[in-house]
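If you read the sequences in order, they're chains L and R. One point on numbering: in my numbering, the residue at position 116 of the first sequence is 926, and numbering is uninterrupted. One point on numbering: in my numbering, the residue at position 163 of the second sequence is 973, and numbering is uninterrupted.
Just so you know, these hints were derived from the structure itself, not from any lab. One or more hints might be untrue.
[Stated by the list, open to error] Which chain L residues face chain R? A few, computed with CB under 10 Å, are given here:
{"hint": "1", "residue": "R825"}
{"hint": "2", "residue": "F857"}
{"hint": "3", "residue": "Q907"}
{"hint": "4", "residue": "G909"}
{"hint": "5", "residue": "L911"}
{"hint": "6", "residue": "D922"}
{"hint": "7", "residue": "A924"}
{"hint": "8", "residue": "V928"}
{"hint": "9", "residue": "R946"}
{"hint": "10", "residue": "G964"}
{"hint": "11", "residue": "E1081"}
{"hint": "12", "residue": "E1087"}
{"hint": "13", "residue": "L1111"}
{"hint": "14", "residue": "G1117"}
{"hint": "15", "residue": "A1121"}
[Stated by the list, open to error] Where chain R lies over chain L, by a calculated footprint (3+ residues, C-beta under 8 Å):
{"hint": "16", "stretch": "933–942"}
{"hint": "17", "stretch": "949–959"}
Virtual Cβ for every residue (Gly too), placed ideally from N, Cα, C.
Here are the chains, one letter per residue:
2 protein chains.
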Amino acid sequence: MSTQEQHLPVVLIHRLPAFNLSFTSRLHTHFTLLDPLLHSPESTESFLTRHATSIRALLSVGPTPVTSETLSLLPALEIVVCSSAGIDHVDIHECRQRGVLVTSAGNAFSEDVADYAVALLIDVLRRVSAGNRFVRAGLWPEHGESPLGSKLGGKRVGIVGLGSIGSEVAKRLMAFGCSIAYTSTKKKLAVSYTFYENVNDLAANSNILIVCCALTDQTRHMINKDVMTALGKEGVIVNVGRGALIDEKELVQLLLRGEIGGAGLDVYENEPHVPKELLTLDNVVLSPHLAVLTPESFAALQDVIVGNLLAFFSKKPLLSQVQLD
Amino acid sequence: MSTQEQHLPVVLIHRLPAFNLSFTSRLHTHFTLLDPLLHSPESTESFLTRHATSIRALLSVGPTPVTSETLSLLPALEIVVCSSAGIDHVDIHECRQRGVLVTSAGNAFSEDVADYAVALLIDVLRRVSAGNRFVRAGLWPEHGESPLGSKLGGKRVGIVGLGSIGSEVAKRLMAFGCSIAYTSTKKKLAVSYTFYENVNDLAANSNILIVCCALTDQTRHMINKDVMTALGKEGVIVNVGRGALIDEKELVQLLLRGEIGGAGLDVYENEPHVPKELLTLDNVVLSPHLAVLTPESFAALQDVIVGNLLAFFSKKPLLSQVQLD
């Protein structure tokens, strides 16, 4: 550790071995980084205990769990900075109890995720991936014209969670001639879209559900059998939030029985495992949690992570603090 | 033929055997339909000769060629009503010489084709179909995170042909934060998008080309090697117009050599045959000419076909007359 580094604020890099931090050089400019995984064979617990008094900030990379056990090892911790939009991997109750602040990726990914949600939706409605598969399998010359898709314009779209992603989805789908309704923790006074107090009513009045809210104890499996049945046989569900927002087993059953029209899924309950029953369905588009995967999103993410840490250490307002109540 | 039918205007159904007309009942209400294919084994030529003096209107179904030979058999013909947006299958010179009017599908398909173009574009940029293939092949658990895509917002999009489809594409992509430029037969005074007089300049100043103009002698292979090279290594081409607007052989070579970034193709030079070199590329989305295939498009198409025929026989202005010069 150089003399200069000793004067930089300390940030704990908290990550699963599979997740590398791609922009450490920028963080190194401002902070002294502690990464237990670089100090093996010392155990993470021993490492954290040894540095406990100096660690006021933790950077949680991707979905690396921030559990009550981790938090109890870090009595000096004041802030958990997350690199994801959702923070369902953080023990929010424990953070609140300990007065630990939490920040998310904020809006860094919102446009890319919204773009991706629209692509999944048109893909399901207009059979883009199915057509692509058909061509690549060499079936076109023999089988001729494809089945009809369904027009996007005129569809009633229900957005589940009108946060920054949901708002970007709405803006895009308006340009396609869709009508927009939503459910959210509360009615947004700044927008004119139709508000429904609960997701059942939203589903009953929509052709399409776009699921893009946060995963919490309250929202887990909120898209249950009743909601999907209310959406109906022609209904399409797009999920770019978290897998567990949908009761995945029920979704699979409804799709297999033709009781829902189709689905575009970027997230699953047990990633990277995708229910194998879905792998052969033509009315389902499956993607490997890649809605945020662009260089532009990562650049914006670096800005928000570095910005939050700098703000914290200089006692300025955080860029994307999560309200824990 | 009933007494009533004898008093209805006669319309010749001109179709290849593979193309059925799905809405004859609605046409039967207004017209007496003559379909040579229903009178086999009599040859089409013999059938046409027998009815020649009574045939003032011809309905060309899909891409069924309307050649100078066909036209020469029908001296009383006054109008060719097409069921497609493009009319490259009609001998326009001969129609002009004979004073035969031509109508197209007009705007019936424009929104659906524009939606599809946007879907193909996001699919190529964000690797939707490639991700879908990856998941379905069961590769996610083993191979982990996918390669990065590229953000749509901020891209400079060049629209080749700012007709009704191109205008709908532009409207949609504005909502994604793209900047729009175009080339067209002439500058459109009603829009503020940047105009380029030729497609080379458009390509040199764009990240993306959306090809959606009519195929004519002037536009055949207008997207040639020079244009694609000007678009550059990261450039993406989407074609929802006609296959022959692009020099397909050159496109294949540039894709194979990595000299162009990717392509989303719904049309090909030799449909239903797709260049086999493309079938294994991950940066290419291939679809079997299905951008118009929705019930909504077909309903709108029926309206415009029946509307054009009724207008013709009652000497009213046609709904979607094509200017032949």
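These are the hints, each one checked on the structure:
{"no.": "1", "hint": "R825", "result": "violated, 14 Å"}
{"no.": "2", "hint": "F857", "result": "violated, 25 Å"}
{"no.": "3", "hint": "Q907", "result": "violated, 34 Å"}
{"no.": "4", "hint": "G909", "result": "violated, 34 Å"}
{"no.": "5", "hint": "L911", "result": "violated, 28 Å"}
{"no.": "6", "hint": "D922", "result": "holds, 6 Å"}
{"no.": "7", "hint": "A924", "result": "holds, 8 Å"}
{"no.": "8", "hint": "V928", "result": "holds, 7 Å"}
{"no.": "9", "hint": "R946", "result": "holds, 5 Å"}
{"no.": "10", "hint": "G964", "result": "holds, 7 Å"}
{"no.": "11", "hint": "E1081", "result": "holds, 8 Å"}
{"no.": "12", "hint": "E1087", "result": "violated, 12 Å"}
{"no.": "13", "hint": "L1111", "result": "violated, 12 Å"}
{"no.": "14", "hint": "G1117", "result": "violated, 20 Å"}
{"no.": "15", "hint": "A1121", "result": "violated, 25 Å"}
{"no.": "16", "hint": "933–942", "result": "holds (count 7)"}
{"no.": "17", "hint": "949–959", "result": "holds (count 8)"}
When the structure is compared with the earlier hints, violations turn up for hints 1, 2, 3, 4, 5, 12, 13, 14, 15 and for no others.
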